[in-house]
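Listed here are the chains, written in short residue letters.
There are 2 protein chains.
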Amino acid sequence: MPNKPASPGKAASIYDVAKEARVSVFTVSAVVNGKTHVTPRFRERVEAAIRKLHYRPNLLARSLAKQETHTLGMIVPDISNPFFPMVIRGAEEAAQRHGYNLLLCNSDDNQEKESNALELLLAKRVDGILFTKVFSDLKPAVARMIRESKIPFVLMLNNNLKIARDAVVADDYRAAYEATMHLVRSGRKRIALLGGPPKVSNGEARLQGFHDGLKASGLSFDPSFVFEGDYRSETGYTVGKRLLQRWPDGVYSANFLMTVGLLRAAQEMGLACPDDFGTVNLDDYPWLDILRPKLTTVELPKFQLGQEAVRLLLDRLAGYAGPGILKKLLPELRIRESCGFQLRRPPASARR
Amino acid sequence: MPNKPASPGKAASIYDVAKEARVSVFTVSAVVNGKTHVTPRFRERVEAAIRKLHYRPNLLARSLAKQETHTLGMIVPDISNPFFPMVIRGAEEAAQRHGYNLLLCNSDDNQEKESNALELLLAKRVDGILFTKVFSDLKPAVARMIRESKIPFVLMLNNNLKIARDAVVADDYRAAYEATMHLVRSGRKRIALLGGPPKVSNGEARLQGFHDGLKASGLSFDPSFVFEGDYRSETGYTVGKRLLQRWPDGVYSANFLMTVGLLRAAQEMGLACPDDFGTVNLDDYPWLDILRPKLTTVELPKFQLGQEAVRLLLDRLAGYAGPGILKKLLPELRIRESCGFQLRRPPASARR
DNA sequence: TTGTAGGCGTTATCAA
DNA sequence: TTGATAACGCCTACAA
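Here the protein sequences line up with chains A and B, keeping their order.
Going letter by letter, the first sequence gives residues 2 to 353 in my numbering.
Going letter by letter, the second sequence gives residues 2 to 353 in my numbering.
Everything labelled a hint here was simulated from the structure, so no lab data went into it.
Misleading hints may appear alongside valid ones.
All copies of an identical chain are treated as equivalent in the list; a pair is satisfied when it fits inside any one copy or across any two copies.
[Said to hold, decoys possible] Computed list of lysine-lysine pairs in BS3-like fashion (alpha-carbon distance at most 25 angstroms, straight line):
1. 11 <-> 190
2. 20 <-> 163
3. 242 <-> 114
4. 163 <-> 36
5. 163 <-> 190
6. 200 <-> 163
7. 20 <-> 190
8. 20 <-> 125
9. 125 <-> 190
10. 328 <-> 36
11. 190 <-> 67
12. 125 <-> 242
13. 125 <-> 200
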């Protein structure tokens, strides 16, 4: 039974348009969805009515009817961590291009918020979910929700394929390896690692890359030069102090915020970078070039990270049912000043 | 007529639960929504069925039926501009606390994307919209959409109350005034303004604050020391070069990204901060303290900006129908090193 | 090519 | 306190 006529304070519905154009809702629907089966005269009448009533399809109703929302959920730890905005832009760009929208949630790497976010996304019936999980384990309840939900998940920055079938990660082994090699190339011999939290999927790879980089350079691996942080600036500071007390001459720091803390600790201790110790930092930002010294970094392709994740998700949505896919994104070493490395060696007199 | 029994691949509906618990959908709905009118025995049966079937209410259907989504739309120029994440967090926090979610869109300060974003939010039937608009004018079509939509809008960083009834902005007059005064206090006499784009709502206030600051200090206002940018780093660089060629000894730069460009330009020109020119930068970040010199800034309360905006919106949603409200957030001067100002004057021998 | 009517999963109004 | 049943706005077989 058709709805009532458009009341003054409410948005026009497809029925209002149909009545105004003296056609059926079917015809209106056909016009709105760009079907070709409509006679020009009818089409014009409908379009005129749409303009007149300022009709705008109700996406809620459409989603309910079609059983798909064309919306992708995305859970990130914290949008105010400067790492994530570009990941989100990458995801958004890829999603938009295929007619999908992004519904974003912050989890603060907190089990409960994570669970709430997931609950919300599932209740809103998103078509698939990008789950960015840097550290901490999965609450069993959350793991179960993922398993029981019938929609595809793509894990980001976490390669625990027991959680989801597909994942896209940075190649942490490679990043640590490259960083370590560069520190060695810059003449460093007592190299420390300021890593992420322990027991994380990428922690092992990073440690291994660090280890192998030292070995390949003929240096020995000393576990007491390995320090664990949690990617936050304060921790970079406190752990950085302990770390610097061991007098390393090189540090690989596994994210930018921790590097900020590390440099603050160094300053308080009267240590200069790169003179007293060199630094390679994971992940780069356009505004870093006003830092002195300019940071030598291993950049992860953040934008691409988001893009690829969406691509995997859309493949599943398009029906791909093959085995799980793990994409590793290659990091890129960007040599600047914080290691004191020069491609062209300075004259011997000026060498350190 | 009740729906079919739960098919294997689909989520359980309220009907499935009702059948499983041998009650009506009404009772299930009452339990789900925490009504008190349900007999304990019925309630238990329903809850057991919910657990068994992993039932989760479909928010699409609920929104359609209740004609409200409990979702607020938010349009920001660019999430990867480090200014906005904290604004978003503030808005999100306030929204969550009142049972609302945020649906985020990037406009890239681009008329078409802005229009698309608005269209999407309206089609998704959000209950209200936070519209962050730093610069550029409103396309007539967009202005019309806002006017015709029956939902409340709150404008952010833009006080054009012809667009929306309520708005929350930073006090740009005050920020510019304070910054200018501080530059003068630091002994600067040839002070330049690196502002935002022209013809923007806050442009005039900023210019006036700058002007009044000079006047109050007995300095004369020279229009050729006023430069216009667009809040991007590249522009800070190019405009910064022109600006520095006029040999100012102080610059008020109206956002962080432009300051980055400005400092890069200065470096290329062999100019040192704060020795050759002092700088006050609008808007502060926790990781700025590893910059040398540490930037003296006028911070805008970003988190609070988002919070207050949501508060205004929720007031409208709660039925407030009074006159429009314009909230101005007071900036906060944070004195550090980039002006060369010392609270405790150094011995005369060391003075500049 | 166009129209009719039933379904999507809720809430809400009336009866019972 | 509970239960049928009609909205909510759209899509889509199936019929005409």
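Hints, verified against the model:
In this assembly of identical chains, residue 11 and residue 190 lie within 25 angstroms of each other by CA distance neither inside one copy nor across copies; the values are 72 angstroms within and 59 angstroms between. Proximity of residue 20 to residue 163 under the C-alpha cut-off of 25 angstroms is found in neither arrangement, the shortest distances being 54 angstroms within a copy and 34 angstroms between copies. In this assembly of identical chains, the alpha carbons of residue 242 and residue 114 never lie at most 25 angstroms apart, being 31 angstroms within a copy and 47 angstroms across copies at closest. When the C-alpha separation of residue 163 and residue 36 is checked against a cutoff of 25 angstroms, the pair qualifies neither within a copy, at 43 angstroms, nor between copies, at 39 angstroms.
Within a single copy, residue 163 and residue 190 get their C-alpha atoms no closer than 39 angstroms, and across copies no closer than 65 angstroms, so neither meets the 25 angstroms cut-off. Taking the shortest Cα distances, residue 200 and residue 163 sit within 25 angstroms of each other inside one copy (15 angstroms), while across copies they are farther apart (55 angstroms). Proximity of residue 20 and residue 190 under a CA criterion of 25 angstroms is satisfied in neither setting, with 81 angstroms inside one chain copy and 71 angstroms between copies. For the identical chains of this complex, residue 20 and residue 125 are inter-copy neighbours only, at 23 angstroms across copies versus 31 angstroms inside a copy, given an alpha-carbon limit of 25 angstroms.
Proximity of residue 125 and residue 190 under a CA criterion of 25 angstroms is satisfied in neither setting, with 54 angstroms inside one chain copy and 58 angstroms between copies. In the homo-oligomer, the alpha carbons of residue 328 and residue 36 never lie at most 25 angstroms apart, since the shortest distance is 38 angstroms inside one protomer and 48 angstroms across protomers. Within a single copy, residue 190 and residue 67 get their C-alpha atoms no closer than 62 angstroms, and across copies no closer than 67 angstroms, so neither meets the 25 angstroms cut-off. When the C-alpha separation of residue 125 and residue 242 is checked against a cutoff of 25 angstroms, the pair qualifies neither within a copy, at 46 angstroms, nor between copies, at 50 angstroms.
Neither within a single protomer nor between protomers do residue 125 and residue 200 lie at most 25 angstroms apart by alpha-carbon distance, with minima of 32 angstroms and 41 angstroms respectively.
Violated hints, listed in ascending order, are 1, 2, 3, 4, 5, 7, 9, 10, 11, 12, 13; each of the other numbered hints is respected by the structure.
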